[in-house]
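Engineer: Residue strings, one per chain:
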Amino acid sequence: MTVEGTAARSATRRSGGTGKRASAARKKKAASGDPELVQLLTPEGERVEHPDYAFDPTPDELRGLYRDMLLTRRFDAEATALQRQGELGLWASLLGQEAAQIGSARALRDDDYVFPTYREHGVAWVRGVDPTNLLGMFRGVNHGGWDPNSNNFHLYTIVIGSQTLHATGYAMGVAKDGADSAVVAYFGDGASSQGDVAEAFTFAAVYNAPVVFFCQNNQWAISEPTERQSRVPIYQRAAGFGFPGVRVDGNDVLACLAVTKAALERARSGQGPMLVEAFTYRMGAHTTSDDPTKYRRDEEREAWEVKDPILRLRTLLEKEKLADKEFLDSIDEESDALAKRVRDAVRTMPNPDTTAIFEHVYADGNALVDEERAQYAAYLESFEPEEGEQS
Amino acid sequence: MTVEGTAARSATRRSGGTGKRASAARKKKAASGDPELVQLLTPEGERVEHPDYAFDPTPDELRGLYRDMLLTRRFDAEATALQRQGELGLWASLLGQEAAQIGSARALRDDDYVFPTYREHGVAWVRGVDPTNLLGMFRGVNHGGWDPNSNNFHLYTIVIGSQTLHATGYAMGVAKDGADSAVVAYFGDGASSQGDVAEAFTFAAVYNAPVVFFCQNNQWAISEPTERQSRVPIYQRAAGFGFPGVRVDGNDVLACLAVTKAALERARSGQGPMLVEAFTYRMGAHTTSDDPTKYRRDEEREAWEVKDPILRLRTLLEKEKLADKEFLDSIDEESDALAKRVRDAVRTMPNPDTTAIFEHVYADGNALVDEERAQYAAYLESFEPEEGEQS
Amino acid sequence: MTATRMPLAKALNESLRKAMEDDPKVLVMGEDVGKLGGVFRITDGLQKDFGEERVIDTPLAESGIIGTAIGLALRGYRPVAEIQFDGFVFPAYDQIVTQLAKMHARALGKVKVPVVIRIPYAGGIGAVEHHSESPEALFAHVAGLKCVSPSNSSDAYWMLRQAIESDDPVIFFEPKRRYWDKGEVDTSTVPGPGLHSARIAREGTDATLAAYGPMVKTCLEAAAAAEEEGRSLEVVDLRSISPVDFDTVQRSVEKTRRLVVVHEAPVFLGAGAEIAARITERCFYHLEAPVLRVGGFHAPYPPARLEDEYLPGLDRVLDAVDRALAY
Amino acid sequence: MTATRMPLAKALNESLRKAMEDDPKVLVMGEDVGKLGGVFRITDGLQKDFGEERVIDTPLAESGIIGTAIGLALRGYRPVAEIQFDGFVFPAYDQIVTQLAKMHARALGKVKVPVVIRIPYAGGIGAVEHHSESPEALFAHVAGLKCVSPSNSSDAYWMLRQAIESDDPVIFFEPKRRYWDKGEVDTSTVPGPGLHSARIAREGTDATLAAYGPMVKTCLEAAAAAEEEGRSLEVVDLRSISPVDFDTVQRSVEKTRRLVVVHEAPVFLGAGAEIAARITERCFYHLEAPVLRVGGFHAPYPPARLEDEYLPGLDRVLDAVDRALAY
Ligand SMILES: Cc1ncc(C[n+]2csc(CCOP(=O)(O)OP(=O)(O)O)c2C)c(N)n1
Ligand SMILES: Cc1ncc(C[n+]2csc(CCOP(=O)(O)OP(=O)(O)O)c2C)c(N)n1
Ligand SMILES: [Mg+2]
Ligand SMILES: [Mg+2]
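Residue numbers (our numbering), protein chains in the order written: chain A, 16 to 406; chain B, 16 to 406; chain C, 5 to 331; chain D, 5 to 331.
Be aware that a few hints might be false.
[As the list claims (entries may be wrong)] Under 10 Å between C-beta atoms, here's a sample of chain C residues computed to sit facing chain B: (1) Arg58; (2) Ile70; (3) Thr102; (4) Ala147; (5) Asp171; (6) Asp249.
[What the hints assert, rightly or not] No farther apart than 30 Å at their CA atoms in a straight line, the calculated lysine-lysine pairs in the DSS-like style are these: (7) C:Lys39 with A:Lys309; (8) C:Lys116 with B:Lys191; (9) D:Lys52 with A:Lys191.
Calculated from the structure, these hints are not laboratory results.
Since the model is a prediction, treat every value here as computed from it, not as a measurement.
Note that beta-carbon positions come from the ideal geometry of N, C-alpha and C, so glycine has one too.
Could you put together the complete structure from these sequences and hints?
Structural biologist: See below:
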């Protein structure tokens, strides 16, 4: 090991996805890929093969993935619109990350468990969480409106990186139970800097926990580009903790599915954790509160537009004659219906009752909460009806 | 990058120092070395060369290193004895780690800055901190009895890993000042698991800070072996953050000096951080409160005894006729004098005044502290002399 | 006198700018503080004018931000670190409590760590979880830290300047829902009261309301409403949460004989507990009623649609005044 | 009745053992809890008997310990995590405050996170920095957590069992300097008072001392000394710091009319502030004197050679009683 070892060299190779050399390892059709990036479907809609990740989806699977991505995008667009209309306080759009989310989520089994960030609407969709349930926290009626155990999909976590430790602990429990389920922790490129994520890597490695760390590197943490978080590609972080990391084209739903599946199999079979970095792009603002024109150039976004995850699958479907008009129309219809359902559900979503403040603070009850609840109730009752209005 | 990439492979190669293959890279005399381990002086006292770390110490330098190590060990033994005698509340012995500390510290320039843990008595010695000053916190008269800026040696830090961030911030400041000084952060194998250390790596890499992370892997974090912290050698952690890591024989004072010097030069010249893992062994208990028989076998300690850092340098000195009786006697004398001085200093070290509780809580003063100081003074004064004794 | 009317947020921006102009050692650091100018635009334009070396976009790691700020301070810099929202200060809590707060004392005064930590805090902006909390008591209990919170533009400007000039670590709590409230700022004249002095925001005789940060405005509104009912309330803007200027509160209470402390933070072990306990001790024979407290409940900050119920408003303050007067 | 006399430390060990025997979902985790049995030997022998899968030596990372404990709890386990010393809980503070405390409420009750965090706390053992602190107020202020501290062997045994049985997160503060104090433990009969009930440790009529954890013994000694001077002090062992059993304190104060709260933690915003504020409100017309507080100063915990001066002892407690009685 020399001073100018591999790390020093790779430090000079900034994160890319724009590499020009063809991978020697790729068997055929490896046109303009980055050797570091696992890809099975090019931006042009060409199927390519990868020596380590064979994947032969059936036509139905392909159509299913297309449908998932399209409906997810539509749901996302509807939520953004609802925010603009004042129905939601905030929305964190997944636009551009559909392949990373749908691909990885379709690799899961029902008994696997997912710990998301706040942007995994596509994963939630695949897990079967009703999309309208995702909107509660963004509307401000709750902090997470679904039962995590109904769909093995934990609540959204806002404190960046925390959930990677929960996922690791959960996976340790899975292993203790002797189950062959696996766990996925989603996190972002920005999150990779948090100490909690490093600790999750350490615990997962030391206990050989069946957890897959799925990092959606969408190039930005609000206004900060990935270079503010790491000077080498994020997937390389894993090796120094003792488990493999791989970078996958995050706009390639097939590659995301295949790589995640391999990582999950690895976890199930007792080989421990793995890091998957899905190289993708946040096409929209960080959230509806954000104004990306302050910090990034339009050209960057445009360069990613041609890599759109849905477009490339659509091209493939059309080329292979897998999507006739009937199919496409049916999705459009479904999509409209979904949007309408979401819209209606949000608009009629009731505000929580005041007493909800005091609910579920403790599972076993608590004298202080009881006292404050009672005092507040007495206070409210002290108002004459018309005085209540001026409060 | 495959699923079973380099990380997976290296995960199976447990940390060692006992490797049997000779390094192809080593030019001569590379007898029984571990190719992963930089070594310039074998346990048998043989000089070996390393392609990346040439080092030709003068006889005076060699004698100086020997003297440093011997006096440090003597000081440490005296402190342990003083603890047994009840003069200190606790002592954290560096026994076995003399080469790692003296070697790395002798690579420093005066203008460099050091952030130690609580065990860097050898580094303190080289920095010129009076050894008796180190004892204050272990006696319980202060939390650190020296001026960090007098010797560019920060106070001992007890909360594991915290100081790595201070070192990184300090190094960022050095770079801002346009100075060519460097900073060293010492930490242990156990500390490598702390989120703060990972964050220090991230900040150091992103800002290219002139900081050397010097990890003394002494194989144990109290009762936990290094495998509880990492399943791959710790020096490998660096690559995934974008800077080089190297493992050095931590019982080889020459290698520790040469490697640290190279890392410091790298930092000075704007090439950023580096991780040095000094592979060594904690020959004693974690602290005087600890009982290692509870968790480790005697044989392990014995196996490390033959790798003693002082012994091997002594062998070299004798072989090369660099240490005559006069020299060795003079060190013995110095050593006895040091021990006596330390003993006397500790025994006469005064207890702090009660009012010290209220001193230096704030630099700018504080009304609350003033109020409590005054109240306490009034309380103390309220006692009649004889009542005071029963308090 | 060259007073200008500006929003509280702008006053903070001007304050940072002036501090950076006056002292080249002042640095600004945090997540998104550079190009974006912070999610609330408090650092807007600073990176453009002072460069990336002095206005530093950091990795997404709060412990790293405060830990490196400590290192920078040890090197002679005066870092002003931004924590993006109240709920995200906790990853840095260890560095703040075990290192930042204690380092000066640990070194027997030999080193100083003049780090300012700016935290947009408290609620009222309809945000999602972790964006509306009031954690000030969790810092005020810790010796070695100073905690302050301005309630208006002038204090925002001057208190931040004083915090940056202080050789002690200061946690600077910015009442985010008051960012857009405008007030006069005279940047030419250093105001009288020190960073840790309270201020009588409104004089009165029947009872005293003590508050800081966002609740000062609420209390002033309550006092105005009370006046219409013929009651004269004195409002003390505490400004400093650690240390508390008990002398000023005591003088007020000796006059009014009744005290209600108001803050958004949960009442249980909130700053009001300390004020109640100490003022009761100091004014035992003056108080006609126990010190009453109005604040948050012992529950997580609720979803946005409930925050109007959760947050102390005019009515809850006046209800407490009624109760105090009923003794 | 099969009471055995044992040190508080041993009672904790027995309690963990029994909990692990009764419920296979109970896990013990932390630094050095396995082979070593913990630096205070509280988990001694457990790994030998229950195996490495249930008694887990963790990496040196407190946030990791609590974060993975949360994950294990979500999977149906009941982790009992040890933090090695009070001063080392802060790296885990974020996980405790933003995740552990809030997850049950965040999920509208759909998930439970029954994690117990054991912390040997407070001073008196002559240790170096960070090994003697009393951070309980920093947890008690946070809704969603419960905080308790036993003062004797029997409570150590039973309160830990109750904490493990609780479906809520419990921060279990162990008075480390009382680890070696012996007391009777009857492991066969579940005692009357619940986990969050206070207990009258000694009856008296002239004034009430309220304390928890290590200070209960100090207060009992003070009461004994006071008796010799002809004063009758009642001692309330609070046992629970969040929630506080105010009813029991109130009843005592209504009888004695004077209250002194004693804890090692700094007085400023310590638990005593809340007790003083609330009891004053509840007993305004009963109190003959303000509630007085005896505790730590607003300063870092001092070096060992000063801790006897820093820690509340007999004399400081009795001085406060004198002052209360002088009103
Ligand atoms: C601990 C913490 N610090 C700061 C924030 C504020 N914040 C919310 S999202 C975000 C950026 C996250 O970036 P990344 O991890 O890349 O995820 P992305 O938003 O791109 O999906 C920040 C700084 C937070 N939620 N939590
Ligand atoms: C944050 C924190 N957690 C726990 C401890 C208690 N502790 C003191 S030393 C130590 C082990 C440190 O091991 P390592 O980093 O390998 O350093 P070594 O003692 O071997 O030099 C532990 C757990 C601490 N000081 N700080
Ligand atoms: Mg991102
Ligand atoms: Mg070690």
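Engineer: A separate judgement is required for each hint: does it hold in the structure or not?
Structural biologist: Here's how the hints hold up against the structure:
{"no.": "1", "hint": "Arg58", "verdict": "holds (8 Å)"}
{"no.": "2", "hint": "Ile70", "verdict": "holds (8 Å)"}
{"no.": "3", "hint": "Thr102", "verdict": "holds (5 Å)"}
{"no.": "4", "hint": "Ala147", "verdict": "holds (5 Å)"}
{"no.": "5", "hint": "Asp171", "verdict": "holds (4 Å)"}
{"no.": "6", "hint": "Asp249", "verdict": "holds (7 Å)"}
{"no.": "7", "hint": "C:Lys39 with A:Lys309", "verdict": "holds (7 Å)"}
{"no.": "8", "hint": "C:Lys116 with B:Lys191", "verdict": "holds (19 Å)"}
{"no.": "9", "hint": "D:Lys52 with A:Lys191", "verdict": "holds (17 Å)"}
In summary, the structure agrees with every hint in the numbered list given earlier.
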